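Line order of the protein sequences matches chains A and B. In this text, residue positions in the first sequence follow our numbering: the first is 1, and each later residue adds one. In this text, residue positions in the second sequence follow our numbering: the first is 1001, and each later residue adds one.
Please keep in mind that the hints were generated in silico from the structure rather than gathered at the bench. These figures come from a predicted structure and were not determined experimentally. One or more of the hints may lead you astray.
Said to hold, decoys possible - 20 Å max Cα-Cα, derived SDA-like pairs, lysine to any residue:
(1) A:9 x B:1104
(2) A:9 x B:1128
(3) B:1129 x B:1178
(4) A:56 x A:78
(5) B:1129 x B:1206
(6) B:1176 x B:1166
(7) A:56 x B:1207
(8) A:56 x B:1203
(9) B:1190 x B:1166
(10) A:56 x B:1128
(11) A:9 x B:1102
(12) A:56 x B:1239
(13) A:56 x B:1100
(14) B:1190 x B:1207
(15) B:1045 x B:1066
(16) A:56 x B:1045
(17) A:56 x A:75
(18) B:1190 x B:1212
(19) B:1176 x B:1077
(20) A:56 x B:1009
(21) A:56 x B:1194
(22) A:9 x A:27
(23) A:56 x B:1243
(24) B:1176 x B:1239
(25) B:1129 x B:1084
(26) A:56 x A:36
(27) B:1190 x A:20
(28) A:9 x B:1130
(29) A:56 x B:1129
(30) A:56 x B:1192
(31) B:1129 x B:1080
(32) A:9 x B:1209
(33) B:1129 x B:1072
(34) B:1176 x B:1209
(35) B:1190 x B:1208
(36) A:56 x B:1178
(37) B:1176 x B:1104
Each chain, written out:
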Amino acid sequence: MNPSEFYLKLDEMLELPAGTLQGNEVLEQLEGWDSVAVITFIAMADSEFGAMLPPKEIAACHSVSDLADLVARHVPAPTR
Amino acid sequence: MHNPFQLDGRTILVTGASSGIGKSTAVLLSQLGARVLLLARNQAKLEQTAALLEGSGHRIAVFDLAGLDEISSRLAELVDQTGPLHGLVHCAGVGSLMPLRMLTMAHLDAVMRVNFQAAVALTTAFCRKPMHQARASVVLVASVAGLLGVPARSAYSASKGAVIAFARSAALEMAKSGVRINCVAPAFVKTEMYADSLGALTPEQLERLIQTTQPMGLGDPVDVANAIAFLLADTGRWITGSVLAVDGGYTAQ
């Protein structure tokens, strides 16, 4: 998974102009990052990247790049 | 001793009988003397439920309720084998958290199909004369989400609200023929579906959610099963078109 592709998806999800998120943003300070956004994020990670995210690991994320790393870790290996 | 909840000699179909509220309901109804017909998609799980039942004469029927067009004929086949039914309980349901931004028509269709359309197909088939006995009772499992708004639950809420509205009108239509139609509206209950649908939350977040929404805490499936039995038995004989909230205080707030 390409991080910049992921940041663009997250921009879209949070209704931010494309290219806004760079990875170093702190989630707690990110406008629109609330409990419904977390649920939306889980559904988005599944539908866009096939990643099933454990809620505990999302709760442990502090920045946007942590989210990208988390999704990358949970993207299923390609099947042959 | 007189027990107004007794269901001896009654034959009752329970959908979603492989887990959660359906499983608990099937077990309780058998303990009250009913012959129970267990319906769900998964044969192995149905057999596990069947092994927990008291009494004899119970049957299992493996069927996916998403096949709406077959519901009527499958019910007729079942009734051919068992004789007309005294009761129907629709517990089968689906529901996951789905915020508006991710809500697709395919998701909405899947939720409405099992939660609402299958409830309608089952009830209409059940209400035909050869399918039911005199003074029969239908209980549809709705949800507090059908009565109140819940974020990220709009499709699920709509499906359960539709069930409640359907039950009220159907109850009026069937009142003269003696078939009663009611809903129970549970809040969060300790089931697999609850665990799946709230998989987005950590255990700590879940505990906080339950504390703020349900003053009496998380429910047990048997709490809902008890309410269903009450509506099926003669205890509910003057109740139709109603919604019984079984919710630990959720809707009182």
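For the pair supplied as a hint, residue 1176 of chain B and residue 1239 of chain B, confirm whether the alpha-carbon distance does not exceed 20 Å. Status holds; Cα separation ~13 Å.
Given pair status - residue 1207 of chain B, residue 56 of chain A, alpha carbons within 20 Å: 14 Å, holds
If you draw a straight line from the CA of residue 56 of chain A to the CA of residue 75 of chain A, is it 20 Å or shorter? 17 Å, holds
Has the given pair, residue 56 of chain A with residue 1203 of chain B, been kept, meaning a C-alpha gap of at most 20 Å? 8 Å, holds
Against the 20 Å threshold, does the CA-CA distance of residue 1129 of chain B and residue 1084 of chain B hold or violate the hint? 9 Å, holds
Taking only the CA atoms, is the gap from residue 9 of chain A to residue 1130 of chain B under or equal to 20 Å? Since the Cα atoms of residue 9 of chain A and residue 1130 of chain B sit roughly 56 Å apart, the hinted pair is violated (cutoff 20 Å).
Would you check the hint for residue 1176 of chain B and residue 1104 of chain B, treating anything up to 20 Å between C-alpha atoms as holding? The hint is violated at about 41 Å.
For the pair supplied as a hint, residue 56 of chain A and residue 78 of chain A, is the alpha-carbon distance within the 20 Å limit? 25 Å, violated
Need the status of pair residue 1176 of chain B, residue 1209 of chain B: alpha-carbon distance at most 20 Å? 43 Å, violated
Sort out whether residue 1100 of chain B lies within 20 Å of residue 56 of chain A, counting only the CA atoms. Judged against 20 Å, a Cα distance of about 23 Å means the pair is violated.
Does residue 1212 of chain B lie within 20 Å of residue 1190 of chain B when you go C-alpha to C-alpha? 17 Å, holds
Hinted pair, alpha-carbon criterion (20 Å max): residue 56 of chain A, residue 1243 of chain B. Please report holds or violated. Not satisfied, since the Cα-Cα distance of roughly 36 Å exceeds 20 Å.
Of the hints listed earlier, those the structure fails to meet are numbers 2, 4, 5, 9, 10, 12, 13, 16, 19, 20, 23, 27, 28, 29, 32, 34, 36, 37, in rising order.
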